[in-house]
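Taking the hints into account, I'd like the entire structure generated from these sequences.
Numbering (numbering that gives the first Met the number 0), first residue to last: 0 to 363.
Source of the hints: derived by calculation from the structure; they are not laboratory data. In this text the structure is predicted, and so the values were computed from the model without any measurement. Careful, some of the hints might be misleading.
What the hints assert, rightly or not - Calculated lysine-lysine pairs in the BS3-like style (CA-CA distance at most 30 angstroms, straight line):
hint, residue 1, residue 2
1, K187, K27
2, K187, K31
3, K318, K285
4, K134, K157
5, K273, K291
6, K273, K318
7, K285, K338
8, K134, K73
9, K157, K285
10, K27, K73
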Amino acid sequence: MASWENLSQELMIKILSQLPPECVARLKCVSKYMYVLINDPNFADYLQHRNLLVKRTIANEESGENETMLSFLKFPLPSAVVDMDFPLPEVFEFCGLSGYSHGLICLSLSPNDIFLCNPATGELRELPPSILLTKPSDDPFDRTGTSMDAVGFGYDQKSRDFKAVRVVEVREEYAYPYYKTEVYDLAKDGWREIESRACGSVFWAPSFEMYHEGRFYWRAIEDGGSEIIQWFDMSEEVFGRIPMPECFAWGSAEHRSLVVWTGQIVLFYYDPNKVETTFQIWAMGKDNSWSKVFTIGPISGIERPLVFVSSQELVMEAKDGQLILYNLNTQCFLQLPVKGLPEKFQATVFVKTLLPVNSNNFKL
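Structure, rendered in structure tokens:
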């Protein structure tokens, strides 16, 4: 009988590329040859499969507790939902999806716990403790100390390394709060402080934060009260700011959601508290200017947009916790086979990979 080693690497790659990544991962124990081949980061490029990744929270009827899980839907939609083999710990109900890149995602818990995860293989890696966050004071009246302001995750094309960034607010006696920043390099498995300072204070918005083409984006407020989009460049390790459209009123009831549509960054502006909601979509130009490109609605029963899966298809969350696929051309809705607790969804277009999060040998 012919062995795996007798097949050419090109033929082997073609054979393995037809299998789901989770099946390929099991073949690493067949032989040393298979182990080396499958762990080769270049091999991961041949095993990419496009999916919709959804982080959702459901109510467990048996235990009576909430359970957070990651679920896949293969393209084209709709398709059957596939939940990860292992549920995330109960504490992950309060975690945020803080970035996706090259098949890896970042899950963050306030104030100190950050995890990298490969949903395709089920690997979970907890990052080392912060070097900037200090232990909270036992004195309830002590207002000094530190707290996490923002977390982001992405890929540095220059160093070919994955990075996480954490912004920490520092409060000292008789002084205005200020910010420090630390960066985690996956290849070195450690944090280091950088000089670049954040432009403003980030407030958590699960349908806003995202990584795109080397930068991570947050919604933030500057010291003067101006609302901005703050970004961090993973390669240059610097912060920058993008003004919001001038017609957006800070403090208004309207929500903002940041997504990518046909390769460009677009901003949703809407009020989910109305019976019928109109969604304005604004596109960002190369000079950071904004122009309104189209409007969706008025439509009822929709909580918020989540992610574009094509130029004409938008995944949205309904107010009852149902995931919806909306077609911009036909203006028709299609229910996806995914439900969860309302206002706890996060979603991204996801490409499965075998890149290990528990190894430092992963460069693309």
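A quick look at each hint next to the structure:
1. K187 - K27: It holds: about 25 angstroms lies between the C-alpha atoms, which stays within 30 angstroms.
2. K187 - K31: 26 angstroms, holds
3. K318 - K285: Cα-Cα ~35 angstroms, so violated.
4. K134 - K157: 35 angstroms, violated
5. K273 - K291: 21 angstroms, holds
6. K273 - K318: Judged against 30 angstroms, a Cα distance of about 12 angstroms means the pair holds.
7. K285 - K338: Violated, at about 37 angstroms.
8. K134 - K73: Not OK: K134 and K73 at ~43 angstroms, beyond 30 angstroms, violated.
9. K157 - K285: Holds, at about 22 angstroms.
10. K27 - K73: 25 angstroms, holds
Checked against the numbered hints above, the structure violates hints 3, 4, 7 and 8; every other hint is satisfied.
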